[in-house]
Structure formats: structure tokens, C-alpha cells
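Engineer: One-letter residues, chain by chain:
There are 4 protein chains.
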Amino acid sequence: MSMNTFGHLFRVTTWGESHGPALGATVDGCPPGIEITEEMLQHWLDKRKPGQNKYTTQRREPDAVRILSGMFEGKTTGTPIQLMIENTDQRSKDYGDIVEKFRPGHADITYWQKYGIRDYRGGGRSSARETAARVAAGGVARAALAALMPGVEIAGYMVQMGARKAEPSRYDLAQIEQNPFWCPDAETAEAWAADLDALRKSGDSVGAVVEVTARGVPAGLGAPIYGKLDTDITAAMMSINAVKAVEIGDGMAAACLTGTENADEIRMGPNGPEYSSNHAGGILGGISTGQEIITRFAVKPTSSILTTRKTITKSGEDTEIITKGRHDPCVGIRAVPVGEAMMACVLLDHLLLHRGQIGEAGGRIGPQG
Amino acid sequence: MSMNTFGHLFRVTTWGESHGPALGATVDGCPPGIEITEEMLQHWLDKRKPGQNKYTTQRREPDAVRILSGMFEGKTTGTPIQLMIENTDQRSKDYGDIVEKFRPGHADITYWQKYGIRDYRGGGRSSARETAARVAAGGVARAALAALMPGVEIAGYMVQMGARKAEPSRYDLAQIEQNPFWCPDAETAEAWAADLDALRKSGDSVGAVVEVTARGVPAGLGAPIYGKLDTDITAAMMSINAVKAVEIGDGMAAACLTGTENADEIRMGPNGPEYSSNHAGGILGGISTGQEIITRFAVKPTSSILTTRKTITKSGEDTEIITKGRHDPCVGIRAVPVGEAMMACVLLDHLLLHRGQIGEAGGRIGPQG
Amino acid sequence: MSMNTFGHLFRVTTWGESHGPALGATVDGCPPGIEITEEMLQHWLDKRKPGQNKYTTQRREPDAVRILSGMFEGKTTGTPIQLMIENTDQRSKDYGDIVEKFRPGHADITYWQKYGIRDYRGGGRSSARETAARVAAGGVARAALAALMPGVEIAGYMVQMGARKAEPSRYDLAQIEQNPFWCPDAETAEAWAADLDALRKSGDSVGAVVEVTARGVPAGLGAPIYGKLDTDITAAMMSINAVKAVEIGDGMAAACLTGTENADEIRMGPNGPEYSSNHAGGILGGISTGQEIITRFAVKPTSSILTTRKTITKSGEDTEIITKGRHDPCVGIRAVPVGEAMMACVLLDHLLLHRGQIGEAGGRIGPQG
Amino acid sequence: MSMNTFGHLFRVTTWGESHGPALGATVDGCPPGIEITEEMLQHWLDKRKPGQNKYTTQRREPDAVRILSGMFEGKTTGTPIQLMIENTDQRSKDYGDIVEKFRPGHADITYWQKYGIRDYRGGGRSSARETAARVAAGGVARAALAALMPGVEIAGYMVQMGARKAEPSRYDLAQIEQNPFWCPDAETAEAWAADLDALRKSGDSVGAVVEVTARGVPAGLGAPIYGKLDTDITAAMMSINAVKAVEIGDGMAAACLTGTENADEIRMGPNGPEYSSNHAGGILGGISTGQEIITRFAVKPTSSILTTRKTITKSGEDTEIITKGRHDPCVGIRAVPVGEAMMACVLLDHLLLHRGQIGEAGGRIGPQG
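Residue numbers (the UniProt record's numbering), protein chains in the order written: chain A, 1 to 369; chain B, 1 to 369; chain C, 1 to 369; chain D, 1 to 369.
Since the hints were derived computationally from the structure, they do not count as laboratory data.
Quantities reported herein were computed from a predicted structural model and do not represent experimental measurements.
Think of the CB as a built atom: it goes at the ideal place given N, C-alpha and C, for glycine as much as any other residue.
Please note that the accuracy of each hint is not assured.
Unchecked claim - Restraint-style ranges between C-beta atoms, simulated for each label pair:
#1 A:H43 to C:A146: 44 to 52 Å
#2 A:K75 to D:T308: 46 to 54 Å
#3 B:E35 to A:R60: 57 to 65 Å
#4 D:S169 to C:D318: 24 to 32 Å
Claimed, not checked - Mimicking BS3-like on lysine-lysine, the simulated pairs with C-alpha atoms at most 25 Å apart in a straight line are:
#5 B:K165 to A:K165
#6 D:K201 to D:K49
#7 D:K75 to A:K314
#8 D:K54 to D:K75
#9 A:K201 to A:K165
#10 B:K324 to B:K310
#11 C:K49 to C:K314
#12 B:K165 to B:K201
#13 C:K47 to C:K75
#14 C:K75 to B:K314
#15 C:K165 to D:K75
#16 D:K314 to D:K201
#17 C:K201 to C:K324
#18 D:K201 to D:K324
#19 C:K54 to C:K314
#20 A:K75 to D:K314
#21 A:K314 to A:K324
#22 C:K54 to B:K75
With the rest of the complex left out, here is chain A:
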């Protein structure tokens, strides 16, 4: 019931604000005996780290993660794992403007209306810096998955920026690490670079669509009716800052299909059931089919822009605001490793749930079935 906790058996509680002394994640429920090092977690944090290129915020944060508990001699002990990331670049500046004014599109006004107090420094708790803690926790989940469900491959990448979409026929996962947009389509990545340069000059921002897939997930994961695998994946992605929509498989496009078109036909393959297509995105009835799991989420444009916008003050006076400072023109870019981390957490969580309720049971398909 913790409102800052995610997961059923693999529980991640994130804490900390953008400009506080530190932030982190309390990870409870990780199985014992998993080999984890700070370097392993740092690898993923570095992928998300700000200031790596001109397309992301110039805030300089090493985002160095420390493991404070739950480990002994390099392995998890089954006790809570505390992951702490100290904030270093809390540029001392005059927050004057945002102390009294609410930035349109930000959570400033709603945090005030809900809590009656808010840490306005860099957005406080509502800052995307919180996602650094998710990425660290996701690193723990990845290590456990590698040990308990070897062969799972999680891939996140950007498939759309503004109105320009990447071309699936050109997808090459090897390209993802080759451009600053985590784009599997090199040609589109170049176009995005030009698009974003223009946007940055105008001080504007733009939205994006991120796709996250998981291959090698066995059939049977997911807990209907209210702990469905797709429900939990959707909730995980929607909880990421600025996300406004989540799709599974064909997503919104499924509305346009007929049942004949949508049916993923089944045939028996050498290693079990195979499907003629994957409109379902690897999930039926909330349970994994063994196919690739596919989700996409839309990230709205950064609300911090250099265009003057109308707003009000805490005392209710109409005014205007320009959000200066160091911001991502396309926050979707840095949402990629966050989406991957959330996918890893959900998959591990459901693996543990499945072991708990089902154990080794479950139905086999085949002559002995």
C-alpha cells in the first residue's frame, strides 16, 4: 500500500527529491544468492545519466550508486537492498520565479493543491530525477532475471519523435547504441537530430514514443484478473514522468481490426506453440504466451520551455512564466532506459509470483499434455 512502492513480491520503494542530499531505492524481495556489483548497476545508470550529449539536460550528475545493505560477499542475502545516489549538482541559484509561480504542464500546482507544501527546487519529488532510482533498481532486477530466467532480453528504443516515426523495415537493434536517440533506425535518427537542433534553437520541446520489448519470456507469467502482466506493465510505464498513454501489442490500432485480422493463429513448433503473428504483444488474458512482449508508451513534450506561458501565483494572481534552466528538449530520450528498468522489475516480480502460486506446475502442451 506504500504509494511510493512498485511491485508485489519484488518491491521497489523509491525516495528522494531532485535537490535533496540524495535519492534512492529500497529494494525488498530480491531472491538471495544473486551476484550484483555497484558497477553492474552503474552501467544502466550511465545509460540514463544527464549531460551526455547536446540533446539532454546539461545538469552534471555522476549518478554514482552505492549499495548500503542486502549484500554479503558480492551476493544478495534476501534482505532489503538499499541503493543510494547522492545529488551533487544542486546548482545553488535563485528559485524566485518558481517559488511563487506554477509552471504550466508541471506538477507544481497539483502538489501544492494536494499537500499544501512543496519542494519547488527542481520539481522536488515530481522531478524526473526520481527515475534514476528506478534504473538502479532495474539493474538489480536484471541481475536476478539473468540468474533465474536466463535468456530474457529486454530492449528499449525510441520509435517516434514529434510526428516523425522510425521505419520498422529498417529496424536494427545494433543501431540503438549508435545514436543519441536509442533509435533502431539510423536514417530516422539523423532526421531527428536535425529536427531537435531546430527545436532547441527555438527553445521548444517535443514528445516521443518509446517501445520496450522482452524476448525469451516463458509462457505462463501473469496473474489475472487484477495482476495481469499487461496491467502491471502498463501501470509501470504510466507511472513514469510525462507518460500519457501505453499500448500492448497493436495497442490503439487494435480498434481498427476485425477478429479475423487480429487472431494470432497457432501451430505446433519443435519447441512448443508458435504463432503466425503477434497482434497480442505476447500476452493473452494477462498471461505471457512465450512470444515477444511488446509495449509502447507516449511521452509528452517537456513542459519546461523558453516560450512565455500564462500562469498564476500561489496567491492567485494571473502572471506569465518562462522556464529557463537545463532541460531535455525531448524527455522521451532518457525515458528509454527507465522503460527498460520497469520492464525488468515487472518480469522478475511476476516470475516470483508464479513460483509462489504455481511452483513447478503449469500445463505442458504435447503428446503427454
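Starting from the known structure of chain A, fit chains B, C and D onto it as the hints suggest.
Structural biologist: Only chains B, C and D this time, still in chain A's reference frame:
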């Protein structure tokens, strides 16, 4: 942690299968002193009830709900409310075909792979009949909302069937009850009627998009970071059978916007903050803004169709299947009251959470602010 | 977070009031493939059933349980199991006296003060009739334990009534079913019979101590720090009506021991570690040791007595009350099967939790250790 | 579901091991606007701090707590509060003996059997050092209670050490801070001093009974059936290291009473209902009556003693062990502030739950009742 329970403080646990003796919902956490009658709940169940017109399944179910506990002298007592709906039309028939074969697009194969046993009769637990229990529970939530948060209006309606979308400029909520599609656009409703007649003749089915809105929700509801109001609404909708995507506000379209376009500007009105637009769908940082809350979800086409489809048997043999029987050509139609019910449950749940953590506190905006 | 739900993965939600149409338990999280029949559950309910001898309430209830969901062809499917017990003997009578007056020692006054409304008929939700639902759910847990952790033996019995204690040197589990007090000491059972006859004549009641043990529980069950096996067993027993204290192992007597006396020494046996004694009650650090698990709980005397007692009315006037009607002179007797049921639920729950977090891992002791 | 989390709405997750770099508590659900300083929390930590007199472990720990998040300008913001205590006195020593041997009475063997890996340094996670985090979190709960439920007074004290009990007729709460045993009976405190001196010389230890009371708790707190106030208090106390039994009100002694003796009669007082006695310990049906809440728990003697004890090694060989090092001869002494902290957490949690489900409702007793 119950996998068949939804909600934090207002907890709904649904139970029952399509062809079992009964199904229902165990509702825990409803505040005491709320006036509820079986008639009030029946009103909503009748809206969802099958067999009401040629566009929905011809299964005949009265869906009569009984309140077995939690009430005294017409009011809730604060103890668990048991809502039971007996199944009457369990047409005794030969299930032969689906006993051994898995229906493509259905959860038959994944339930088998997960549990090693499945109630194949009408889909068992994975049948959309489970949503009757949600609608009954939603009736309880509506009654509590009416008492604790008067003025809230929840409206659900279908905005797209197949490729044909309703025209917002023609929306008239008064039209919703005037056509079998819960469509606010009378002109589109007529076109859908023609579309669906053709589909039914061909034994095919089609997807749809349902929109659910809530007006009169005060600012401040929602529990960041992992109990955000939009996260919970999204999870609630995604948990409904056949849903493949959920949007909040502009949803997927937000990806195409610039920050300048997306910013909902704020001005001070006579009763508090007002916004120039509602791209956010009434939620910022996971907390309600006081604007209309807007969500949409895509429902895939019914997988039960008269077109022959390739599949396999439990013993792993390739075969074909045609799904005869009584099915909704567009299951999206009957998803409308379900979406409304889920919205009611989420809003009540977050109202209780807010009362619990915040009580009467929260920030006022204005001179005294 | 449901306040009427018990358990982590094996979740039991009880519902219903003493004089409502029915009461029951919604059991979620039971593993699939477990053979269960209504007869199996009825066996345990009959053990608790009222009106079986002159020492328990003369209310006549068949307490017939019906399984409404979660089963298919005699086996659990992994979906929620709904257990319903209809109330038949709701003797229509004038509740006049307890409508306005609060019975001392009962929850009448606190339910009123909390909820502002209460079902005064037979105590409503606070009646010990609620425990019938626990016993039914416990039957499900026993069946699952028999399948997943064979060899576990749960035994509950009364060891004290009033000031008279049973003599451990005379314990014979075979005697438990031979007397109306579930007492393993036949000699003491006879003395209790005389004691209780006298008490009944005087219209008074008396307290008792119940002991529940579990043999054959493997080492390793329990989830520190806040889901310790002893914590959950203690909470389970304390949640039973009229229980005022719970002990594990030596319990309160541990306070009088020195460390030297209290240490259960360890030696290696043919099948693993053996202990020289069991002061710990089979649990160390919240985790089972493999020894017999021992818990005891004190049940206060029934508050419904024929002695006039001072009390007040809802309108705050001083008055007196005599609680007539059908009551157990020693409610501890019927608490025995309830304690057994709670023990079964806790053990199954922790078995599932252990499978989930640990799986087949865990440390072996021995040469290969 | 986190196994290291306690509470429903006010959620405390403790983390850390005895000899790790740090330990702490992640506190989620604290209402916003509560004034808290590190000094306030330190006050309670100092009360529990080791090495304060010859009767507690000589381990030297400043137990300095840092607040890393959830605060802004001296007040809580409603976001997670991270409390960190760094371990300083991790005396580098040869752990040789306990690396391979299991200490009788300790959790060494069960942690090994459950997890297959254990941090043997000082007991790792099972060390009583974990309770420092509880005391820090309890300080947060106390501050919130002072603001939201003013007038509540929580008092913890030791009432028994070994066989020697304090004399209630001599209780004087002012004495509690005047002796190293937190004993309200000065005469008994002196006797305990002599008893403990003798025990320490012999290298032995002894058990104790701690009582914790709460005055000024309004009627109506508690959430039946499975979130009863007494159930949660009992679970909270039982989760403390070395606790073997918990009593509410008369506790085990209730078994010896008759209904006539046990009934707390009710009369109307100037400020509401008054009771002739408090056998119930301030709780009826799991809900507070407004009387003083009384709980007691038994703490077993420290298992670390200088007497040679038989045990085994990880490889299953019989051996012997003497537990040298710095240990509390009566761990019950330092359990006093821990019990107080747990009481504070439970009371705040139930206040928030009550606000959430009931709000301002609830029944009044009196003419207008």
C-alpha cells in the same frame, strides 16, 4: 496482494466463472452510512446486461445482484459487502471442440500453460462475464461518491468502432442512451449500425475505442509516485478483458506536440484555477487538477468468430477451429459501463486515500494562499 | 490492505454478519490442482458447529458450506474460491434490549463509536459466527498443505479452563476427540465438566487457554523482519474473537529464564539438526527451525452472562443489562478448530512466500553444506 | 507485501545489517506539514543507544540519524522520508567462530537454512541493531501524532526481570527515567541492579517483561476483522527481536476470570463513557474504547552467553560454542524504547486508516446520539 483484488482502501475482489453457479464481488473498505439498494446496483448491471439488442451476445442473463452482507437497514455498515450474481443461462451443451482445442486470441492456451487446469466452459474465469461483478461493485462506489464527493459525473461512451470514429463536434451526451452503441454522436451511431450488420452477417467482429470522463473531481486526488491517479485509472482499464491500450488526455497524440502546444495555460477564475486547454486530461504529476478527467481505451475485436482459424490441441496437434456460439460482434459496446464502473472505483479509492493521508489539509490558492 | 483479509499470497477475506442471509470467505491465491470437496471443508466446520453438546451455544446451525467458484472437476483452478455458509437459525426475536444498550465486554459500543451504525443482531460482524468462515478457509489451506507439504500435522486443544490447567504429563492427543473440551488430558476434562456445569447453573462464563501445534513443518519458513512466522501466527490468533494474549514456545515464561536455561542446544541427527529442547517453539528469528511449532492463546470469558451489569444507552443514560440468549459458557472450546484453521492458513501462506522468494534454494547442512 | 515493511498507510520499511555501512528506515505515508528535526528523532535514538551503562552492550554507536528526503524547510512534504544511521563501531575482528558455527537461540541456523547465505557479522539482518531504525521511524510517528492527535501519551517501562516483578502499587512514571531499567518502581529497580550484577559476573543473561501503554487515544481506532488495533499492536511487538509473547489488557490472566469478573462495566461520565475497570486493555472488538491501551510483551534472555553450549557447524559436525563479545545481559531493557516506537507507529497508522474510511463520521453517545 490478492491478484483478484483491485484498489488500495476501497478494495474490490471479484470471484466466479462464466458457467459456475455464481459470480460476484467482495467489496471491502466502503465507508459506513451510505444508502445502497439492490435496485441501485441493478440499474448499472442492466446497462451492461447481455441480450439487450442484436449487437450483443444473445446469452440471456438477468444478472440479478443480491447483497449478502455489509448492509443494515439500508445503509452500509463499514463491513465487507458481498455482491452475488447467480448464473442462470449456462446452456448445457457439448463443449467438445474447445475442451481440447485452444481458441486463437483467447486466454485458453495461457491459462492452460500457467495453471495446468482450466475451466473451459465459456472461458471460465477469463470470460467477460467477470465484468458483471465489476459493474456491481462500481454501483457501490458511485453511491459512496455521490455521498462523499457530490457533483461528480462519470460518463462513458464509444468513440470509435473499427476505423470509423465519432465526430467530437457532434458529441451530445444526451445521445448516449439513445443508441445501442452508447455513442454521443447520433450520425456515427447510424453508420456503426450498418457496419456492424455487415460484420455480423460475415460472422466477423471488430474493435472499438471507449472514452470515459469524470467531471467535478476536485484538485488533489492521486498518490504519486506509484499510486498516481492516471496510473491507477490506466491499470483499471487495462485489466478489462480485450483492452490493448489506454490513453490519458491527448494520449498517444501527445508525442506529436511541442511543449508550446501541449502547455495547458493557467489563469485565475472565480472558483480557483482555470485552464486554457486540457491536453493533460485533468491530471498533472499523477494528481487531479480539477479539470475533466479523460481516459480512452482500445478494445480488440472479439476473438470468437465464424472464420476458420488455425490452432493446436492440448496434445500439440495442429488443427482448425471455428468459434460458434453467442458472442458480441463488438465487445467494446458492453465495455462502456465496465469502464465507468472502474472509474468510479478508482475515484472513490483515491478520495479515501487522500482523506487518510491528508485529511482536510492541502494548499489553497488565492490571497490567503 | 483489505481490513477483512488475512494473508500475503494465500489471501482469505471473510464477509458476513451473524444474522445476515449468509457469511463466507473469498479465498484467493490457492495453488491450482488441489483436490477439494465440500465434504472435506464440512468436516472441519462440523467440529466447530454450535449446539453439539450442552457446553456450547444451543443455536442450531448446519453451517453447510457451498463452494461457488474456483473449482473445476474437483480441483482448484488457481482462481478465487468463494465459500458461502447460509445462516438459517436467525431466531426472529425482539432485540429491544441490545438495540439501545451496549453490552459490557462486547464490541457494541466501539462499533457504534467507530462506524456510527451497527448491526446489533447477534453482534453483527463482531459475532464469533465470523469464525465459521475462517474454518472453511482453513479447510482449503489444509488440503493445499497436504498436497504441497505432506506430513504436516496441526493439532489444537484446550490446556486451561479458568484456573484449572491440564497436566502435560498426561497429554494424549488421542483423547482430544474423546471429550467435549478438545482436551488431551482425560482427567482434567472430567474436572472441567464439573466446573462448567456449576458455571452454567450460575449463568456465568469462564476463560480458557488453547494450544495449537504444527509438526512436520520444514526449516526455513518465515519472512523476517515484519512477516516473521511467529508474528503472523500471533496476529492470526489475536484476530480471533475474545483472544487477549498469544505465546510462542515458552511465551511469557521466557522472561523468567536465564540464557543458559533458554538455549535450545543443537546436535546433528540422521535427518539434519536436532535440538535438546524447544523453548523457542520451533521458530528462531521468525523462521521455522523444523521443530514442532507451538503457540498458545488466552480466550477471555464470554461477555454474555446472566449477571446484571451496569452499562449505558446510545443516548448516554446509565442503565443495567442482563444478556439472555444462547451463549457459550466457555467460548474457548469452540476457538480450538478456529486456531487450527488459522495455523493452516499461515503455514500455507508462508510456504507460498518461500517458494516465491527462495524457490528451491536455501542452505543445506552437512558435509556438502 | 514487503516483508520488511510494517503498517498499512503509515508504512515503515527498515533496511540494513549490524555491520554494514549503514541501516535505516524508509517511511512512506507520513502526512505533510509535520515539523520534524533530526534532533527530535535523535532524542529517542539516544534513549535506545547502546553503551550507556554497564547493563547494556558496550558497543559504542552514536546512532546519529540523518534525514535524506521527504522534508522541506523543516516540515514533511508527504513524500517518502529516508532515515539513515551509519554504522561506525564495526570492530574489525576475527569472526572465525561464528562463521562456521550456529549460535543456539540465535537466527544463525534458520537464516542459513532459509537463504543459503547469511551475513554472520554481528547477526547481520537479524541483529537487534535493526531496532534503531524502528526507533527513528517511531520518532516520525510521534511527531505526527502530536500534531494530529494531541494529548496522546505513550509510556514504556520494564515490569519484570527474571522472576522478579515490579510492584504496581509502587508504580511512579516519574521514576522511569531515574534508573537504568526504565522501571516505574524504584525499589524493584534496585533489586534488579543487584540481580543483574550477579548475572553479568556469571556471564549469563535473563529475560524480562516490558509494558507499553498509550493514554489519550480516542475511541474508534482499529479496523476489524484482520486489522484490529490489538492484532496490529501484537504483531508489532512480536516482530521485535527476542519477543516470545504479547498480552493485551489482562492477557493470559483473562483465562482465569469469570465473565462477571471480566466485564468492564460502563457508566456515563461528563466527557463520555467511563469504565469501572480495564480488563480489556482499552480495546473491544479490535477497536479502541478511549481507555488506556495496555500491552505487555515477554523478551527472552539474550542468547549470547559465556556458558559453553552444544551446537553444530555448517558442515554438520557436532561442536560447542561460547559467545564472547559485547552483549546485553538483559536485552529487555533496550526493548523499552522500541516498544514505544512500535506503539506510536501503530496508533498513527490507525488514525490515518480511520480518517480514510470514516472521515469525521462515527457515532456519538449522548442525548443527541
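Engineer: For each hint, tell me whether it holds in the structure or not.
Structural biologist: Comparing the hints with the structure gives:
1. A:H43 to C:A146: 44 to 52 Å: Cβ of H43 of chain A to Cβ of A146 of chain C: about 47 Å, so the range 44 to 52 Å holds.
2. A:K75 to D:T308: 46 to 54 Å: violated (33 Å)
3. B:E35 to A:R60: 57 to 65 Å: holds (60 Å)
4. D:S169 to C:D318: 24 to 32 Å: Because 30 Å falls inside the window, the suggested range holds.
5. B:K165 to A:K165: holds (23 Å)
6. D:K201 to D:K49: Since the Cα atoms of K201 of chain D and K49 of chain D sit roughly 23 Å apart, the hinted pair holds (cutoff 25 Å).
7. D:K75 to A:K314: holds (19 Å)
8. D:K54 to D:K75: violated (38 Å)
9. A:K201 to A:K165: Distance ~22 Å between K201 of chain A and K165 of chain A Cα, so the pair holds.
10. B:K324 to B:K310: holds (15 Å)
11. C:K49 to C:K314: violated (33 Å)
12. B:K165 to B:K201: Answer holds: K165 of chain B to K201 of chain B is near 22 Å, not above 25 Å.
13. C:K47 to C:K75: Status holds; Cα separation ~24 Å.
14. C:K75 to B:K314: Holds. K75 of chain C to K314 of chain B sits at ~18 Å (cutoff 25 Å).
15. C:K165 to D:K75: violated (55 Å)
16. D:K314 to D:K201: violated (31 Å)
17. C:K201 to C:K324: Within the cut-off at roughly 13 Å; holds.
18. D:K201 to D:K324: It holds: about 13 Å lies between the C-alpha atoms, which stays within 25 Å.
19. C:K54 to C:K314: violated (34 Å)
20. A:K75 to D:K314: holds (18 Å)
21. A:K314 to A:K324: Holds - the C-alpha atoms of K324 of chain A and K314 of chain A are around 20 Å apart, at most 25 Å.
22. C:K54 to B:K75: Roughly 37 Å between the alpha carbons, so the hint for K54 of chain C and K75 of chain B is violated.
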